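Student: Listed below, chain by chain, are the residues.
Number of protein chains: 2
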Amino acid sequence: MTRWPLPEYMALALAQAREAAQAGEVPIGAVVVKEGRVLAQGRNGPRERHDPTSHAEIEAIRAAARILGNERLEGCELWVTLEPCAMCAGAIAHARIARLYYGASDPKGGAVENGARVFEHPQCLHRPEVYAGIGEAESADLLRGFFRERR
Amino acid sequence: MTRWPLPEYMALALAQAREAAQAGEVPIGAVVVKEGRVLAQGRNGPRERHDPTSHAEIEAIRAAARILGNERLEGCELWVTLEPCAMCAGAIAHARIARLYYGASDPKGGAVENGARVFEHPQCLHRPEVYAGIGEAESADLLRGFFRERR
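Respectively, the protein sequence lines represent chains A and B.
Under full-length UniProt numbering, the residue at position 111 of the first sequence is numbered 111, and the numbers go up by one with no gaps.
Under full-length UniProt numbering, the residue at position 97 of the second sequence is numbered 97, and the numbers go up by one with no gaps.
None of these hints come from the bench; they were simulated from the model.
Since the structure is predicted, the reported quantities are computational estimates derived from the model, not experimental observations.
Where hints are given, some of them may not hold.
If several chains are the same, the list does not tell them apart, and a pair holds so long as it fits within one copy or across any two.
[Stated by the list, open to error] Straight-line distance between alpha carbons at most 20 Å, and here's what the computed SDA-like set of lysine to any residue pairs gives:
hint	residue 1	residue 2
1	34	67
2	108	127
3	108	120
4	108	26
Starting from the given sequences, assemble the full structure and let the hints guide the process.
Tutor: Printed below as a string of structure tokens:
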């Protein structure tokens, strides 16, 4: 059940998550948007890329920063299918992402509303606005399906 | 004042930090070591690389994972001149770093003994052994000098 129509950007992030699953990676996807334009997309890929930092958010943020030629993504939104982990929440803060939209919450690995709650400490030098639960059913279904197949 | 002789790996990390300063970046450096061999080095470089994730730890971890052809740096040590932030602590956990050695603590941005304390939550799926305060005087001097020049 989705409580409101799925925004276009979350649909794109979910499409990225499906690509990750097809590559045998945990299905998580992300999109960076600036002023209504999709700047960059990313999907989870640590195994095939031999890169432990290759989470969807990091891939999308790095790509967007390359495109803008700036380490700071001022005025940008990040849409991601799952609650970011501590690494990705930290990257979101460093990148100065203005608004974070995420799908499912992640009690096992999340660090926004769970665990380390990275944005809630004074050591976090930038806090995005946070909107959770957008596309959470679709996101959780993808993850459940992925792990069910692998058992 | 250093309370014990500076280990070789921290000296290498400090040399990386000095390289960062010469490039106009905040002087922080890191080294990944496996079984006594230096696998990879990294230094802070977000501005020149247009990459908000380009912290010393991330650069060293990504380089080491490429060399090993594995997202998991099993049995590896990370030596870094400053207490890792939330992003880097998260990356250290994802990379399965066995032992973390760091120089100065960072009350303003650290997330190991300060702030988010990333390794202390059940959402953190791997905890390295942590050794702090190695080369802290040298590390803090580098940072102070860098920011003094810029004021």
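Student: Does each hint hold? Answer for all of them.
Tutor: Here is what the structure says about each hint:
no.	hint	verdict
1	34 with 67	within (12 Å within a copy, 35 Å between copies)
2	108 with 127	between (22 Å within a copy, 15 Å between copies)
3	108 with 120	both (18 Å within a copy, 14 Å between copies)
4	108 with 26	within (14 Å within a copy, 33 Å between copies)
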